[in-house]
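Chemist: Okay, here's what each chain looks like letter by letter:
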Amino acid sequence: MAHIPDGVLSFPVLVTGAVVAVGAVAVGLRRLDEQQIPRVAILAAAFFALSLFSIPIGPSGVHLMLGGMMGLILGLSVFPAVAAALLLQAVMFGFGGLTSLGVNIVNIALPAAIVGGALAPAVARATPARAAFLGGAGAAVSALGTGLMVSASLYLSSSDFAASSRFVAFSYAPLIIVEALVTGFCVSFVKRVKPELLAARAKRLTI
Amino acid sequence: MRLLASVLLAAYTLVASMAPAHAHRLRVFATVENGAVSGYAYFVGGARAQGATVLFRDGAGRTLHRDATDAQGVFRWTPPKPQTIRITVDAGEGHAATITLGAERFSGADDFNPGEAAARVADAAEPDGAELTDDVLAHIEKHVEAAVARQVRPLLEAYEAAEARLRFNDIVGGVGMIVGVAGAAMWAAARRKTKGTEA
Chain A
356 MAHIPDGVLS FPVLVTGAVV AVGAVAVGLR RLDEQQIPRV AILAAAFFAL SLFSIPIGPS
416 GVHLMLGGMM GLILGLSVFP AVAAALLLQA VMFGFGGLTS LGVNIVNIAL PAAIVGGALA
476 PAVARATPAR AAFLGGAGAA VSALGTGLMV SASLYLSSSD FAASSRFVAF SYAPLIIVEA
536 LVTGFCVSFV KRVKPELLAA RAKRLTI
Chain B
25 MRLLASVLLA AYTLVASMAP AHAHRLRVFA TVENGAVSGY AYFVGGARAQ GATVLFRDGA
85 GRTLHRDATD AQGVFRWTPP KPQTIRITVD AGEGHAATIT LGAERFSGAD DFNPGEAAAR
145 VADAAEPDGA ELTDDVLAHI EKHVEAAVAR QVRPLLEAYE AAEARLRFND IVGGVGMIVG
205 VAGAAMWAAA RRKTKGTEA
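Listed in order, the protein sequences are those of chains A and B.
Residue numbering for the first sequence follows the numbering used here, starting at 356 and increasing by one per position.
Residue numbering for the second sequence follows the numbering used here, starting at 25 and increasing by one per position.
Because the hints were derived from the structure by calculation, they are not lab data.
Please note that the accuracy of each hint is not assured.
What the hints assert, rightly or not - Distance windows between CB atoms, simulated:
#, chain 1, residue 1, chain 2, residue 2, range
1, A, V548, B, R215, 29 to 35 Å
2, A, P550, B, Q96, 46 to 52 Å
3, B, D194, A, R385, 47 to 53 Å
4, B, R189, A, I532, 15 to 21 Å
5, A, A528, B, R191, 41 to 47 Å
As the list claims (entries may be wrong) - To be clear about the criterion: a stretch of chain A counts as covered by chain B if any three or more of its residues have a C-beta under 8 Å from a C-beta of chain B, and this derived list gives those stretches:
#, segment
6, 442-448
7, 529-540
Note that the structure is predicted; figures quoted are calculated from it, not measured.
In this text, a Cβ means the ideal position worked out from N, Cα and C, and glycines have one as well.
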């Protein structure tokens with residue numbers, strides 16, 4: 356869903372997306388702690404592999420994005436992670452275009468980074484059950500944000516897409532539910548097994 | 025991090041220069057049978073694109089016909105005359121895919137009666153010296169084309185499916201590339217740290 360191919364978006368939208376993506380990836384890399392490199396790579400690899408598989412739900416089929424999960428654990432480093440994964444998907448499988456790569460990165464990573472930044476301190480303090488709930492809610496908001504941004508990208512490019520923009524918002528509903536469940540389960544698991552994955556970010560934020 | 029950025033940039037320019045431009049997540053299969061275009065639109069992974077807009081255009085980009093896919097993602101249309109047909113399926117959400125069928129895929133468009141043609145072939149093949157007229161030859165050709173199209177279609181569909189398949193090797197290769205870039209970055213970071221303590 357979030358893989359917008361070449362030749363769909365208008366030039367201003369593509370340029371805006373590319374500029375924002377390059378800037379955000381640069382900031383994400385600059386902020387990236389050396390010790391965080393493995394977790395960025397692991398989540399990038401998970402996102403790369405999982406979002407290739409679409410489940411036939413609704414009129415087109417959806418795939419997981421793990422935006423909320425990545426945002427919680429990576430913070431701003433979600434940008435380089437998403438950029439690497441989407442670049443590989445585009446060149447290896449033709450999922451999403453190369454000219455629209457910037458827009459696709461921003462559409463997925465920006466809601467994830469915002470949700471992650473907002474929820475990370477609360478999740479770090481919460482009990483596993485509460486963290487699962489917060490993570491699930493964050494994942495839902497992040498997926499919804501991505502859906503809205505995809506719709507906006509299409510709408511700003513051409514009014515022809517107005518109808519299909521509404522269609523996107525509709526078909527994101529199953530994704531949001533699945534995404535929330537999976538992320539809730541993962542956050543609760545991480546919180547039990549390796550809570551410092553979620554705590555480290557909060558510490559860095561409060562400094 | 026500057027090293028990581030330059031590694032990423034180098035990888036990007038390398039792969040961008042050899043990227044295939046034709047593949048998308050939504051794909052279209054189409055073939056020609058007896059002058060009729062038929063096919064289906066599907067998402068890689070299996071789901072068919074239902075109710076998607078299908079545009080049939082000629083080589084110059086003029087829209088000839090507009091239709092929608094059915095519940096199985098199938099579309100079918102017979103062009104008025106043999107010509108290059110570009111089929112674009114737009115499933116919304118920015119998912120669009122195009123396939124071009126060259127004019128050479130279409131034979132003549134008039135009606136064809138196999139029984140009559142067979143009778144005429146039999147007549148023409150009588151040993152009394154009657155020759156195969158151009159008319160009869162044309163009918164034979166059309167009959168053969170129809171038979172070949174029918175036989176080849178499963179092959180074309182299998183090829184399309186093979187091309188769109190997500191290969192396990194490719195996925196593992198992508199994961200490996202991410203791990204490799206991360207390893208290079210950690211190596212660079214470790215080297216910088218060692219240098220810092222020596223200085």
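Chemist: Broken hints, numbered, in rising order?
Modeler: 3, 4, 5, 7
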